[in-house]
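Trainee: Throw the hints in and build the complete structure from the sequences for me.
There are 2 protein chains.
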Amino acid sequence: MDPSIVKELEAIVGPENVSTSVADTYVFGFDSSIHRHKADVVVMPVRTEEVSDIVKLANRHRIPVVARGGGTGLSGHAVPVKGGIVLSTRRMTKIIDVRVEDLYVRVQPGIINDDLNKVLMKRNFYFPPTPGSGKVATIGGMVANNASGMRAIKYGATRDYVMGMEVVLPTGELAHLGTRTIKNSSGYQLDRLIVGSEGTLGIITEITLRIMPVPGNKALVLAAFDDLRKAGQTISDVIAYPVIPSAMEFMDRTCIDAVISAFNVNFPHSEAIVMIELDGHLAEIADNMEIVEKIASDAGAIEVRSSDDPKEMAEWVAARKAVLPAMSAMPNKASVALADDMSVPISKIPDAVVAFHEIAKKYDIIIATYGHAGDGNLHTKFLLDVNDAKAWKRGEAAVGEVYAVVNSLGGTTSGEHGIAITKAPYMRKERKDTLAAMIAIKKALDPNNIMNPGKLFEWEGLILADLRYPAEVEEDGHPAEGFGEGVE
Amino acid sequence: MDPSIVKELEAIVGPENVSTSVADTYVFGFDSSIHRHKADVVVMPVRTEEVSDIVKLANRHRIPVVARGGGTGLSGHAVPVKGGIVLSTRRMTKIIDVRVEDLYVRVQPGIINDDLNKVLMKRNFYFPPTPGSGKVATIGGMVANNASGMRAIKYGATRDYVMGMEVVLPTGELAHLGTRTIKNSSGYQLDRLIVGSEGTLGIITEITLRIMPVPGNKALVLAAFDDLRKAGQTISDVIAYPVIPSAMEFMDRTCIDAVISAFNVNFPHSEAIVMIELDGHLAEIADNMEIVEKIASDAGAIEVRSSDDPKEMAEWVAARKAVLPAMSAMPNKASVALADDMSVPISKIPDAVVAFHEIAKKYDIIIATYGHAGDGNLHTKFLLDVNDAKAWKRGEAAVGEVYAVVNSLGGTTSGEHGIAITKAPYMRKERKDTLAAMIAIKKALDPNNIMNPGKLFEWEGLILADLRYPAEVEEDGHPAEGFGEGVE
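Taken in order, these protein sequences are the chains called L and S. Counting from 1, one number per residue, gives the positions in the first sequence under my numbering. Counting from 1001, one number per residue, gives the positions in the second sequence under my numbering.
I should point out that these hints are in silico values taken from the structure, not numbers from a laboratory. Just so you know, nobody snuck in bad clues.
Below, a sample of chain L positions facing chain S; criterion: calculated Cβ distance under 8 Å:
id: 1; residue: V100
id: 2; residue: S148
id: 3; residue: I153
id: 4; residue: H176
id: 5; residue: T181
id: 6; residue: I182
id: 7; residue: K183
id: 8; residue: Y188
id: 9; residue: R192
id: 10; residue: P242
id: 11; residue: T413
id: 12; residue: I419
id: 13; residue: R431
id: 14; residue: K443
Positions of the beta carbon are idealized from the N, C-alpha and C atoms, including for glycine.
Mentor: So this is what it looks like as structure tokens:
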């Protein structure tokens, strides 16, 4: 990076908020994906005007700018694959205005999801999307990625809560999108276009989020099945009844075995477990509990348990959340984020899981499937020996087949983790007839292509590129940085 | 219109579905706004491929295409101000697929809102947005305009229910936007950009809508106040409690007096009435009813009534819905759609209504205010002598002041009726810093500007242009067509 540009950045945010150190440019080259790429410079603004000045500078010099929140992205959103400036929002953590009577909160992008909810919960309100990474994920990152979590079946995703935002456009100009009103039909809904655009259309500097009352009471029904189809039937029958649970979680045998063996969890050995969370008024929960129990029994559950005891429910939820660490406990294998958050129409979950099992067998890898069955959003974890280039290649081949199945079932590449690098080729295939429109919009708003370049529709080549692991799997395209540089 | 183009259109959809008759081009020049402008040709396709062929033809010859649903738009969306082709979706009324277990329905754009809901309700589901024009409004029009209605406080607007769509882009190419899954983070959310774009970015040929279970039970609390501020306090306190009603409707004195005098409705003479609808489980309704009654009494209501009797509730709702016909019963005045659906932060409703009353006094016009207080969306009806050019000019001056107040309160020009013509200058003022981005996107997707041209950011001049009324109020810009042409 040209030292004169670093000087200019220092003049904008102060020297203490600019770094070109080996440590910082290395660390800020990672997110939670399988990828990494060194940044040229890391900058930490605190005010909107500083963000604007940084972007103007970058646009003048045609330098890539990659916005970064908590770094919890699983697809490579915050990895600066073209180098340039990593703009961290970690100093932009203010809650600007809490307006429960107007059903909104205004925040800076760097505030962490759980920190925001702690403040809102004092007023009996919250921001419903609940990503697994909520202790670290920032609201800005959640908006840029349209994050959600297990409660989308009842409460929707981040995109449903964005009322408005302030954005620094790729020219450095400020724009105020959306409103602070519940309703808005005043021109193009550009705020909803920015949601999920993964930092490629601008940098969000302020967000107005709709908030909701905290649901007071909860209960859980846990049903175990000796057959995936019976689990699927239960899920469909609950929804069609209709009962809309606040969450409906799913684990396949691989996941169930893993949590039982790693943590001695008291779950039935079975082909599938469905955990149904009900919330709302106590009387409504009691009625729905009975309905759901009967549906699961009628579908042929081998065991049905219910609880509204907070301690017991917490244990069950912890067991579900233990899937990921349990996987990582397998010897010589690591769980990697490949094809990790596809969404299918809810009733297609059994077809998807059966197909994934066949693909795993064919490629001699372990694919564990769990996820948010209530909204059709599955998580598959690929367990690989990350040092083995051949295992990666088998994994990559399996990913292609997984997405072919997902698309054939009417599903989509990413339900909540986004596209960035790891899913780019599959999104491009799925969205063949809309790529031209996406690219036209990107060019119209970012003519110099400085905003998180190289991602989404721009990613070329393999997904096993810029790997953070030592394995050298690439034959062409992006040269793997490997571990070599890591010890520079 | 060049006869060879009419011939080409006839070849695409059959001669029986193309019309250049005086009657048709005249009638299709109106919607429910104050505007009108003659179409050159009216065409009624039934299949997506036909829409695509029509748009390709139009793009080749640079002919404007204006998509038209039920013609219920209040801002001039479907008025072909540049002439050209009016493409009516009235033959595209199919329900393609009802999938309650997957929480979606796929429809053609021409299906009418209430017709769709009749089918869905047989399965205990529905599409929640409830525009007042639901008996006539089409789903395509609702999507293009981001329509909503009185239940947005709890159930959101159309934008929150669009999962995916098929669109004919301005080039005539087909694009499939969004998904059929509850969650979607697969690239730009272009479906959500099309929502509310008022036919300027493409023509919607199929829509996948998220659906919801029908709420089983309802109750109403009606509270009357001798002071607007007390009504406002009640609204804020209910939300902050928090109780989220399924609707919270508001009427000011002008509206209350009008329905009492026109229909002898049994409502208390008062400054403001707030009607709070509660839905959900019976036990929850009972609890919330008590809470809401107490909040209204504590705020100083002069009368509080509650009911869960369907007949009585229907009477109250009918009285609220009688506002519009009651207004029209006033001698020598007609209610016109000027500044008719602004949205403000919910707690700002009293400030807004007080200011509107002052503006009405200043300009010697009647402004009646009612609306969806629960979501901050107000309806003002301007009562004018439509034959009096001076009354129109006073009305227009008042509109400017109304929007100045709305914006100063943190509100927005349109909550649910859209911009099109009647609100274009005010939207442009409000969205000064995002117009460039809107225009860039429009140019990128519609380089020949054939899709509903002349609306939104493109509208130049006064709002009293292309008036459907006999008054000649324009001094420059668009010449009023007046009534002359109407009798050709």
